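Each chain, letter by letter, is given below.
There are 4 protein chains.
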Amino acid sequence: MAAMSDKEKTFIAVIGGGQCSTEEAELAEAVGRELARRGAVLVCGGLGGVMKAACKGARSEGGTTIGILPGDSRRQANPYVQIPVVTGIGEARNAIVVKSAQAVIAIGGSYGTLSEISFARQRNIPVIGLNTWSLSRNGQPENSIILAQNATDAVDKALNLARN
Amino acid sequence: MAAMSDKEKTFIAVIGGGQCSTEEAELAEAVGRELARRGAVLVCGGLGGVMKAACKGARSEGGTTIGILPGDSRRQANPYVQIPVVTGIGEARNAIVVKSAQAVIAIGGSYGTLSEISFARQRNIPVIGLNTWSLSRNGQPENSIILAQNATDAVDKALNLARN
Amino acid sequence: MAAMSDKEKTFIAVIGGGQCSTEEAELAEAVGRELARRGAVLVCGGLGGVMKAACKGARSEGGTTIGILPGDSRRQANPYVQIPVVTGIGEARNAIVVKSAQAVIAIGGSYGTLSEISFARQRNIPVIGLNTWSLSRNGQPENSIILAQNATDAVDKALNLARN
Amino acid sequence: MAAMSDKEKTFIAVIGGGQCSTEEAELAEAVGRELARRGAVLVCGGLGGVMKAACKGARSEGGTTIGILPGDSRRQANPYVQIPVVTGIGEARNAIVVKSAQAVIAIGGSYGTLSEISFARQRNIPVIGLNTWSLSRNGQPENSIILAQNATDAVDKALNLARN
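Chains as they are written, first to last, in the numbering used here: chain A, 9 to 172; chain B, 9 to 172; chain C, 9 to 172; chain D, 9 to 172.
Just so you know, these hints were derived from the structure itself, not from any lab. Please read all numbers here as calculations on a predicted model, not as lab measurements. C-beta atoms are modelled at their ideal positions from N, C-alpha and C, and glycine is treated no differently. Hints may contain errors.
[To be verified] To give an idea of the chain D side of the interface with chain B (calculated C-beta under 7 Å), a few residues: (1) 96; (2) 98; (3) 100; (4) 167.
Use the sequences and the hints to build the structure in full.
Shown next, in the form of structure tokens:
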């Protein structure tokens, strides 16, 4: 662990499907690498798909990876999770993933990801989106998910917004 | 309590904002009344706005109302909640509201409601929408929220889908 | 459901092992019956053993029974649970069982029961014990579990303490 | 973060009161120091008292400290927590503290600590006690809390038991 406390570092959640396409995995891995290069700590749900790819990217650059697991065993964590947190509370752990972060990057994803986007926005935590959900309320577009062009752009935006 | 166990009854969650417009409150109250007339048990988050209006409607017809509260005190419940469940787990209780139901009716609502819609869809629990969120994924409309025309239509659809 | 709102009724949690001896089951059933006769609502973890016996007793006298389930399906509830609450948060639901009650009756039980006793005492909710845990702290007896002689005595004490 | 993944390290929870005596704080700090020297990761509830002292000790030796917070803000963490996990689920987070560890060291403590001991024992996670609770069940002593003489002895026992 570096001399600077991780608490002083920025914590960014990367969320997305437990299963994902090759493109999404590449995007997640690039996001993980970039977060680690910038000294951010990666928080995720600790499982496969986007979570695993993001952790892999972060570890390849020596970053810290936290996995907030839904089940009762640390064995559930993907091999790139350094800090497995064993919640045992099922999908309700989605709220913990985003509350533990200062900004969120969403890559693809299904309903679990959408619940995380919702919890983040409810708490006014910025959400950056890469090929993910978009929302309308009562027929009006709801633009609270900030679109990014690519992994670097997503990390730029997440770190800028997290620091404010 | 009637001779038939409530467990044999259908449990329907009504979700929506803790603050709401007069129109949404009227809609929620009508939904609550209709659910009670059909013998369904109403589950909700137990607070104000749509939750309170729905409970009020259900109680006016002698229905059973369950409030899954986020905080640590039953005093948080609106006065029409008969069964206050004191979770103390904050917004993570949103997952419990929908898991305890066999179908969900969403009326308006903000990000908390969206998290409940997400959790319901993740578990394949039908969601009926009245003037609420609509979703697109990767630019494609995602039609998993079933639109209803009015309170009676919403209750019809919820009960039909819950029984299958 | 009776005219009086259940919310105005006293909610008493009955806690104990998911497996139990015949004697414990008889005691739990007697406690459930007595709670229902006095108009109290029974809250429990919704599973077998002491929980099932207590619910059975309460239902035999027309009482209301709430089961706060750890898993993801209402099918997990014992057949005497009227109001299954599906938490999906595993043993963390033990905190919800006791927070939803105004007093707690503990019958036998293992570590899960002990966690419930702990959560109740942490929130200053009275705990009445029947053949259950006793505690010492730093070598000094800790008498915060109130001993009862039998089912009727336990219910008397629980209702008296809950009303204060 | 060292080259070896923290996941391969042993995670030990230190539990105890959010307020504590000077002696308990000294004991906790010594436990934290010793855990860090042996390369273990410290998990705790992230607040004051025993938790703060243990984190302080661990950080003084360059150890990793994880704080599983009950509230909704990382600001709640004591200054020696490196990895704040923001659960927002209140005392139900006690289950997460112990599930995330391979052994538990209990120092003094009140009912919250007792709930953590209970959850640990329920999952068969070893608990080492320093001046803490002792338990009897149905009048029979229950010796599942392993007594330690001092901080070093507690850490020895915790690491030995965690590795099996």
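Hints, verified against the model:
| no. | hint | in the structure |
| --- | --- | --- |
| 1 | 96 | holds, 4 Å |
| 2 | 98 | holds, 4 Å |
| 3 | 100 | holds, 5 Å |
| 4 | 167 | violated, 33 Å |
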